[in-house]
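First to last, the sequence lines map onto chains A and B.
Each residue of the first sequence is one higher than the one before, counting from 1 in this note's numbering.
Each residue of the second sequence is one higher than the one before, counting from 299 in this note's numbering.
If you are wondering where the hints come from, they were derived from the structure by calculation, not from laboratory data.
Mixed in with the good hints there might be a few duds.
As the list claims (entries may be wrong) - Some chain B residues close to chain A (C-beta under 8 Å, calculated; not the full set): (1) His385; (2) Ala421; (3) Gln459; (4) Ile461; (5) Asp542; (6) Ala545; (7) Leu574; (8) Ser576.
Stated by the list, open to error - Computed beta-carbon distance windows for the label pairs: (9) A/Ser278 with B/Gly536: 53 to 63 Å; (10) A/Glu20 with B/Ala545: 34 to 44 Å; (11) B/Ala314 with A/Gly248: 42 to 52 Å; (12) A/Glu176 with B/Ala545: 41 to 51 Å.
Predicted model only: the values in this text are computed from it and were never measured.
Note that CB positions come from ideal geometry on N, CA and C, so glycine has one too.
Single-letter residue listing:
There are 2 protein chains.
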Amino acid sequence: MIDTETFEQALEEIGAAVGEVLGSVLPTPGGPEAQLAEAMRYATLPGGKRIRPFLLVASADMFGVSRRSSLRAAAALELIHTYSLIHDDLPCMDDDDLRRGRPAVHIQFDEATAILAGDALQALGFEVLSDEETHSNPEVRLALVGALAYAAGSRGMAGGQMIDLAAENETLAIPEVTRLQQLKTGALIAFACEAGAVLGRAPDRQRQYLLSYAHDLGLAFQIADDLLDAEGKESVAGKRLRKDGVAGKATYVSLMGIDGARRQAELLADQAVGHLKSFAEKGDVLRATANFAINRVS
Amino acid sequence: MIDTETFEQALEEIGAAVGEVLGSVLPTPGGPEAQLAEAMRYATLPGGKRIRPFLLVASADMFGVSRRSSLRAAAALELIHTYSLIHDDLPCMDDDDLRRGRPAVHIQFDEATAILAGDALQALGFEVLSDEETHSNPEVRLALVGALAYAAGSRGMAGGQMIDLAAENETLAIPEVTRLQQLKTGALIAFACEAGAVLGRAPDRQRQYLLSYAHDLGLAFQIADDLLDAEGKESVAGKRLRKDGVAGKATYVSLMGIDGARRQAELLADQAVGHLKSFAEKGDVLRATANFAINRVS
Chain A
1 MIDTETFEQA LEEIGAAVGE VLGSVLPTPG GPEAQLAEAM RYATLPGGKR IRPFLLVASA
61 DMFGVSRRSS LRAAAALELI HTYSLIHDDL PCMDDDDLRR GRPAVHIQFD EATAILAGDA
121 LQALGFEVLS DEETHSNPEV RLALVGALAY AAGSRGMAGG QMIDLAAENE TLAIPEVTRL
181 QQLKTGALIA FACEAGAVLG RAPDRQRQYL LSYAHDLGLA FQIADDLLDA EGKESVAGKR
241 LRKDGVAGKA TYVSLMGIDG ARRQAELLAD QAVGHLKSFA EKGDVLRATA NFAINRVS
Chain B
299 MIDTETFEQA LEEIGAAVGE VLGSVLPTPG GPEAQLAEAM RYATLPGGKR IRPFLLVASA
359 DMFGVSRRSS LRAAAALELI HTYSLIHDDL PCMDDDDLRR GRPAVHIQFD EATAILAGDA
419 LQALGFEVLS DEETHSNPEV RLALVGALAY AAGSRGMAGG QMIDLAAENE TLAIPEVTRL
479 QQLKTGALIA FACEAGAVLG RAPDRQRQYL LSYAHDLGLA FQIADDLLDA EGKESVAGKR
539 LRKDGVAGKA TYVSLMGIDG ARRQAELLAD QAVGHLKSFA EKGDVLRATA NFAINRVS
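Start from the sequences, fold in the hints, and give me the full structure.
Shown next, in the form of structure tokens:
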């Protein structure tokens, strides 16, 4: 087992390394379009916990993938995640004015710039993956592009956000909330773990274990997010809380109660760890991640 | 030379073939996220002139590329172009309510759906390119992904749209308008021509000729668009016109006058055709495209 301190050091270290790659691939402001690059950098740097990139690097580490490769793939994933945060925060979407402890992009700049910055970050994510710096094997890079495009698109993250918006006028039950979350947040988390296996050219069986882990971890992570929304402190979370309750949104907390949701998150985290058996001690970082996912305060 | 009737038949035929590929790659509406797929299909099918996909297929034809390949790459390009139209039409961007003769996506659905549909179309474009159906050679598919991501991103189309938005508060001169247009509309037109050469694994020299052609064609196309905005009929164009004048935007027409702009468009179209010399009769379709670009009514 890895203790909390060691885990948090690894999270910080990998987060900083991903931040460096992001800084190097993001455009430098210049010319009359400078504001676009400024907004892209503002949204992406210094960033949040970088939990998705961390999962990708930790998964890739299990297969001995070079950090040079995994950090670039992780940066691409973070670019896609960041674009989705910018667009989700827009007034016509979730209407959030605070993100990662700072004004959301459409507040700091304006709505048009926020939309464009998100659009350009998405394109940059795929550009980074396609570049030979990311992996020497073209088939690996293509598999990453295809999997990330699928995870981000209408059958993944964007589809989940559509369900979330449509759900504002109706009350979802647990199976529907679960599907919503599997798409909206689960798809990129699944990509993070799968990408490690793709980069490491791991056998199918191991890839399946990682996907099962990601599936349970993603839901545990989301329930923890719902608990944070209901119980957390805005100053610590760096974003607006209590929004779900005000909007009357069905969440795991509204459907199961605080205690029920907490038990469910713990159950899922245990279940996630169960899929890592065959990795022996190589799975320790992912085990610690499951623990972190349900005990974080931001 | 190809006469107008033959050219227009080819345009229609390739447009229909691209439309079929688009219909097959676009998601089918279903589940609580159905509206997302509906909006994606609404925006993309039946579509406009499909001039960018046409350029791609015509360029690829010159190198004997199978239509199976070039139509898929063309469909990916059209997905990216369509996403940009949806986002550009939003109230905080160019605020257009009419597109391709029908209500814009944010009018027909709502703003959130329009943003998501654009986002998902962009992801789908890269997913289509990464798929082995598009080309058997992985390096070719990766080159397409990288080039399209670059063309769509902050150093291409999105950067051009940022300049356009920033220019609302100042008057640009001809060099600035030219750079704006090279990014905003020129980048995808250049990709269309370059992709033909990439798919056909054409020598560098031929790729350069095609890029020079695309450069001049793109500007000619844009000047024709400005002339259309100043002189055309909305019922024929299928979109709102006279917007540039009302907004006080600097365009080729406001800077050069109607006659000056028309002469400049003709000059650029001639110049574009000049780069096709070495292709002999294989360049006839692209020659006819240059003629079409400056004489179209929609």
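Going through the hints against the structure:
Hint status for B/His385: holds, given a least beta-carbon distance of 6 Å to chain A, under 8 Å. Annotation: B/Ala421 was flagged as interfacial toward chain A, and the flag holds, the nearest CB pair being 4 Å apart, inside 8 Å. Given hint, B/Gln459 at the interface with chain A, holds; its Cβ is 6 Å from that chain's nearest Cβ, closer than 8 Å. Interface restraint check for B/Ile461: the shortest CB-CB distance to chain A comes to about 5 Å, inside 8 Å, so the restraint holds.
Given the 8 Å rule on beta carbons, the hint for B/Asp542 is violated: about 17 Å separates it from the nearest Cβ of chain A. Among the interface hints, the one on B/Ala545 is violated; its C-beta lies about 14 Å from the nearest C-beta in chain A, farther than the 8 Å criterion. A least Cβ separation of about 29 Å between B/Leu574 and chain A goes past the 8 Å threshold, and the interface hint is therefore violated. At a threshold of 8 Å, the smallest CB-CB gap from B/Ser576 to chain A is about 30 Å, leaving the interface hint violated.
The given range of 53 to 63 Å is respected by A/Ser278 and B/Gly536, whose C-beta atoms sit roughly 59 Å from each other. Under the hint 34 to 44 Å, the C-beta atoms of A/Glu20 and B/Ala545, about 42 Å apart, fit the expected range. For the pair B/Ala314 and A/Gly248, the supplied restraint of 42 to 52 Å holds, since their beta-carbon distance comes to about 47 Å. Against the hinted window of 41 to 51 Å, the Cβ-Cβ separation of A/Glu176 and B/Ala545 comes to about 44 Å, which satisfies the hint.
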